[in-house]
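**Student:** We have chain A; now place chain B onto it with these hints.
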Amino acid sequence: MIEVSDIHKSYGQVEVIRGISFNVNPGEVVCIIGPSGSGKSTILRCLNGLETYQQGDIHIDGRRVDPEDRSIKDIRLRVSMVFQRFNLFPHRTALENVMEGPIYVMGIDPHEARERATNYLEKVGLADKLDSYPANLSGGQQQRVAIARALAMQPEAILFDEPTSALDPELVGDVLEVMRQLADEGMTMVVVTHEMGFAREVADRVLFLEGGVIVEQGPAKDVLSNPQEARTQSFLRRVLRPLV
Amino acid sequence: MSEVLSRAGDYMPVLLEGVWITIAVTVLSLLLSTVLGLFWAILGWTKIRAFQIISRTFITLIRGIPIIVQLFYIYFVMPDIGINLTAFQAGVIGMGIAYSAYQAENFRAGIEAIDRGQIEAAQSIGMSDSMIMWRVILPQAFRIALPPYGNTMIMMLKDSSLVSTITVTELTRQGQLVAASTFDNMTVFTLVALMYLVMALPLTYLARQLEKRYKKS
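Chain order of the listed sequences is A and B.
Read in the working numbering, the first sequence has 75 at position 75, and its numbers run on one by one without any break.
Add 1000 to a position in the second sequence, counting from 1, and you land on the number used in the working numbering.
If we strip away everything but chain A, and leave its shape as in the complex, we get (with noise of 0.2 Å):
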């Protein structure tokens, strides 16, 4: 359903995805890894049209994803974001947050958009901060009032921009637990992520970028277990024992 074909991008001078290519099927759940500055999260943006990319095709069901284009609205409706750092609007309410969306983009009657938001609210475990702001809530919380935003606009995909990086140790497992329900559900998810151990249970399949290059994929087992090439296995060895 995402076909991305030799894409490449640059700021000025610096090129900072240099030819990527890879596809995500239905209900596929593909997690890209790689250090930082490796284009990870600015491939993920492209595939919502946040950024813009000079060269190369990103299709999803078949229309091409052009962030100047009026298609980009309808290409949004099928595939929401989840950014690092929550970016709940923070002058409403949870249940607010996640009608936003189905109230004035899809324009559900109120009453059906308060019954779909209560539902995800429930459904990622917050049934009872419907009416808190997102300042009374913790990380973790407001992380998963994010995904039921993403999940209020029934899209077929997900896009999760490192969801954990931001939140405080304790808080990643209840955000990484409703991801997981998720893809056991047959979601169709793109996860930038530092969590290997996420990546190694839940993932169909991993892409190791770095320098703006997809330098290892294949399935999660095999490329976070077995790594053929030298700088993923430099990588792996770094995060998963970064004290040695």
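Treat the hints with care, since some could be wrong.
SDA-like cross-link-like pairs, simulated, lysine to any residue; straight-line CA separation at most 25 Å [claimed, not checked]:
hint	chain 1	residue 1	chain 2	residue 2
1	B	K1212	A	D131
2	A	K73	B	S1128
3	B	K1158	B	G1064
4	B	K1047	A	T52
5	B	K1047	A	D66
6	B	K1212	A	F89
7	A	K73	B	D1129
8	B	K1047	B	T1060
Think of the hints as simulated: they come from the structure by calculation, not from any bench.
**Tutor:** Here is chain B on its own, set in the frame of chain A:
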């Protein structure tokens, strides 16, 4: 003392007439400056270069010219090109335009303070630019702009006295007229000063209440 009070009582009805005009000028020009200020701020925020230039130029121009000169211009120069306004109309329009530049700067600061991630989150759920403006940016920008906005309200109340120079008989002008005919400057201008103060206090209170209410959420 009782003599002073009885004289003050004599002046009151005339001065109160002025109070109503002062309130009318302040409220109407506040509304006009808010709408116009918002317009300039949004114009400056758009990605269209020509709009940005228009907005910047206007703000720079208006901020660089004394309000009193702008009032003279609207009241005395406009009739030469066929636009005749009453003193009251000229006063409200002049104050509204003059202060719209400051309001625009308040709103601009509020808009620019909104985190980029807010816009991205709104885009990612498929919102259009105008919807992002109204549903995400402005509600947050208003909160940020509220303390300076409260300040502007109070300044506008006091600066409404400037329209006395184009013969609008608001409080200051009425005071001048009464003082000129009675030579009782002390009583008249003390009363005028007190009346401004009494009008400013509820505004200060209102601004504080609004801030408190918005801070909760």
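**Student:** All the hints need checking, so say for each whether the structure fits it.
**Tutor:** Against the structure, the hints:
This hinted pair checks out: B/K1212 and A/D131 have alpha carbons roughly 19 Å apart, not beyond 25 Å. Of the pairs offered as hints, the one joining A/K73 and B/S1128 holds, with about 8 Å between alpha carbons and a cut-off of 25 Å not exceeded. About 20 Å separates the Cα atoms of B/K1158 and B/G1064, which keeps this hinted pair within 25 Å; it holds. Proposed proximity of B/K1047 and A/T52 is supported: the alpha carbons are some 16 Å apart, at most 25 Å.
This hinted pair checks out: B/K1047 and A/D66 have alpha carbons roughly 18 Å apart, not beyond 25 Å. Of the pairs offered as hints, the one joining B/K1212 and A/F89 holds, with about 19 Å between alpha carbons and a cut-off of 25 Å not exceeded. Between A/K73 and B/D1129 the CA atoms are separated by roughly 11 Å; this keeps the pair inside 25 Å, and the hint holds. For a cut-off of 25 Å, the pair hint linking B/K1047 to B/T1060 stands: about 20 Å separates their Cα positions.
No hint from the list above goes unmet by this structure.
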